[in-house]
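S.K.: Protein chains in written order, with the working numbering: chain A, 1 to 335; chain B, 1 to 593.
Honestly, I wouldn't trust all of these hints.
[Claimed, not checked] Below, a list of computed lysine-lysine pairs in the BS3-like style, where the Cα atoms sit at most 27 Å apart: (1) B:Lys365 with A:Lys41; (2) A:Lys311 with A:Lys284; (3) A:Lys105 with B:Lys365; (4) A:Lys267 with A:Lys311; (5) A:Lys110 with B:Lys549; (6) B:Lys549 with A:Lys38; (7) A:Lys110 with B:Lys522; (8) A:Lys113 with B:Lys365; (9) A:Lys115 with B:Lys25; (10) A:Lys190 with A:Lys217; (11) B:Lys522 with B:Lys201; (12) A:Lys105 with B:Lys54; (13) A:Lys110 with B:Lys54; (14) A:Lys156 with A:Lys208; (15) A:Lys279 with B:Lys365; (16) B:Lys567 with A:Lys122.
[What the hints assert, rightly or not] Now the in silico label distances, taken between C-beta atoms and shown as ranges: (17) B:Asp568 with A:Glu68: 29 to 39 Å; (18) A:Gly191 with B:Gly64: 33 to 43 Å; (19) A:Ser28 with B:Val564: 26 to 36 Å; (20) B:Gly438 with A:Ala3: 39 to 49 Å; (21) B:His259 with A:Thr130: 49 to 59 Å; (22) B:Gly64 with A:Ile23: 29 to 39 Å; (23) A:Met282 with B:Gly70: 26 to 36 Å.
No lab work stands behind these hints, which were simulated from the structure alone.
The beta-carbon is built from N, C-alpha and C at its ideal position, and this holds for glycine as well.
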Amino acid sequence: MLALFYIFIIVAIGVSFWQITRIMNFRSVIASDQDNAKQGKYSIYFLVFLYAMMIYCLIFMNVIMLPESASFEGEHDDNLFNISFWLIGIVQFLIQFLIFFFTFKYRGNKDRKAKFYADSHKLEAIWTITPAIVLVVLIGYGLWQWNNVMDLSNVKDPVIIEVYSQQFRWEARYAGEDNILGLGNVNYIKGINTMGVNMSDQNSQDDKQVTELYLPKGRKIHFKFRSQDVLHSAYMPHFRAQMNCVPGMVTEFGFTPKYTTEEMRLKPEVIEKTNGINKIRMAKGEDPYEFNFLLLCNKICGASHYNMQMKITVVEQDEYDRWIAEQPTLASVIK
Amino acid sequence: MSEHHHKETFVTKYIFTQDHKMISKQFLVTGMFMGIIAVFISMLFRMQIAWPEKSFTIFEAFLGPHQTDGVMNPDIYLALVTIHGTIMVFFVLTAGLSGTFSNLLIPLQIGARDMASGFMNMISYWLFFLSSVIMVISLFVEAGPASAGWTIYPPLSALPQAIPGSGMGMTLWLVSMAIFIASSLIGALNYIVTILNLRTKGMTMTRLPLTMWAFFVTAIIGVVSFPVLLSAALLLVFDRSFGTSFYLSDIFISGEVLHYQGGSPVLYEHLFWFLGHPEVYIVLLPALGITSEIISTNSRKPIFGYRAMIGSILAIAFLSTIVWGHHMFISGMNPFLGSVFTFTTLLIAIPSAVKAFNYITTLWKGNLQLNPAMLFSIGLVSTFVTGGLTGLVLGDSALDINIHDTYFVVAHFHLVMGVSAIFGMYAGIYHWFPKMYGRMMNKTLGYWHFWITIICAYGVFWPMHFVGLAGLPRRYYSNTNFPMFDDLLQINVVITIFALVGGIGQIIFLANFFISMYRGQKATQNPWRSNTLEWTTPVEHIHGNWPGKIPEVHRWAYDYSKRVDPKDDDSDYLHGEDFVLQTTPLLEGEEPS
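All chains should be built: construct the whole structure from the sequences, respecting the hints.
M.R.: Next comes the structure, spelled out in structure tokens:
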């Protein structure tokens, strides 16, 4: 097999060099008027190809994209994204048209004379000031939304959860009755105390360690992230949420779930995407897929980076209360 | 220098040469060699993404111990991604692009006999060569080459327990990069001194071609930012080898607590991106400079808004040093800093927009000579706009939260700095090949090369935006473990096919390059009928560039199609032809442009 492969490579290289040397014998080097006409025409063909591809992707790839934000904070993200995307989309279509249309329209020939046009302060002012005004809007909205997401100081009665990353696994800890997380440090890692919780801290006793996240709908979730070994990044795409987990420090992020998992599964765009996926899975003879929120690792962290995930389930408050009550406290698990 | 011709041996002429023209060719060929490796690597990992867990003979042939029965291992996947990024960014697009054309063009376009220090120039090349050799050697280390991503964030890059590539592979990476930085700094200092001091009579700063401005500002950015990367790498070496804790703290790995206390990886991220972001412009500005020159020459029109172009280069350079935090919005740094960096980042859109519009206005009502170099320049403007626009999304911290480190980012930076800069490099090679080798490159092959490359570039990177918007993180060895990404596989197959065709298509260029070197048509002195000084030198290279006195400059570089009556587009050319060499004195009563 390997020998065949080498032979194939050698033959391919040989044939291509033979063809190329043939073309090299046409010793034309500078574009003639015929070349200009031809390449100008090709640039219009290319413009058509580019437009077709851009439009095809914009229309038919909608179905694969993430569904609408499942957190209240993410709504503005979607909004801002749509504004930006429409804006850059329009500019993109216009400018690509200008570039390749001009290439065609002003293709050179012997009878043409180029216009000597070196400067125009008016034009330059226009395309300095227009982007500047547009940017003021984008920056303003963006910064407002950024503060919106990152400011966790005035939250009333949040659910506090610590998300803990290690090669190649996620764990989490709920703050329990007192809603205060006990201290943690890698020095306390021992046996089943895999998150390194300091058990002599009073606040640790009622903490609850889990391997799957349950979130109540409509309440602010205040995440605190720690990492055990290298950088990881907790990425929850459906909630428009992401934060790095950094060894040696605690990072924070917060959002409020808007839909339960069940509600999300009933959304038309989710149903459509799920159906698309299941068609592919059926063809390969795999189990059908059911929509779930996920937390995945989004910072290169080692060999199994591609397999670090944790399931997130969003439920109504009463179901959440039932679930959290069933979880054992750390004090009862770690003796 | 030209007065006393001393006898040259093979060694002083081709190896330890101090002639800037030969050094530029050395940079080019070394950069191309590294580029072949990097493109080949990218084809390998694209195959893995499209056909995960499939056995390929080509993996068996090239990956040695890092595959099992022709299936790629996850470790080597990360290593390949890392090495592809490192080689492309530093070895091809920094040294290969800037090193080649700064060396070739600076003395020729400003009217100097050679660089300010030919010796330092030689040292610069040989340090680059040494660092390339070390980087290539690192590919053959038993545990695999560096695999922590081209940004080599610690602790992953600091701890061999975390990933095998962080052992000897990472050591060699750091050594190679340290030498590379030395080479780059020596080169940059030389470029700055040469442009400031060795301009010929009449060549004021405001008469410099835009290529010179681009290379000059690039060199300044390099001198400002590369030392910071060196210090980042040095501290990482300390952490790895001498037990310090600059970047590491509270780590439990392989069943034990490590002794590191009090450091932070965020410090490394700041130091790295203080180079990392300006690096984008170190890569891009020379390509834009080359494009300015080629678009103007081939449109037979002056570049539109010469002073605005200089202003935007300077603005981009200044802003580039205060935006690095946009790579770190979600790194855990203070959110207030995120606001500041969002603001400064989005400001870069303004000078970039000015540049793009000025190029398009230069095309307007031109007499476009669609040579391969011109097509690549037009392609650059196109990919620069496509990639630049998505920067408005990524630079906005509120939006970056959701698409950070997904394939959207990969698509964005490949278009705006990867493809654009490579197009600039190709444009430069097609345009100045006659100056380098005294022969012309074949036009037909050039056209084939251009259309295949631009179609494949868009075919790869346009759909990739949508893969990113579907939430797929980058650097995933395979996404078969996530049923939610199953519907992306077909798109990935299409992308890979475009990538393979595009990669293999570069053979056309290589063949054209090497065959033309020996068999191409002999060049005339000024084949593109251009204004700049390099086309007043003889075709055959001589030491000192001009046989007699260095020519004197009387005008700017862009007097294309200047008319008798400036208001009448139908009037005759003022100088009888549609170009006027910079050495031509002003006619009586002629207004300088």
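S.K.: So which of the earlier hints does this model not fit?
M.R.: 5, 6, 9, 10, 11, 12, 13, 15, 17
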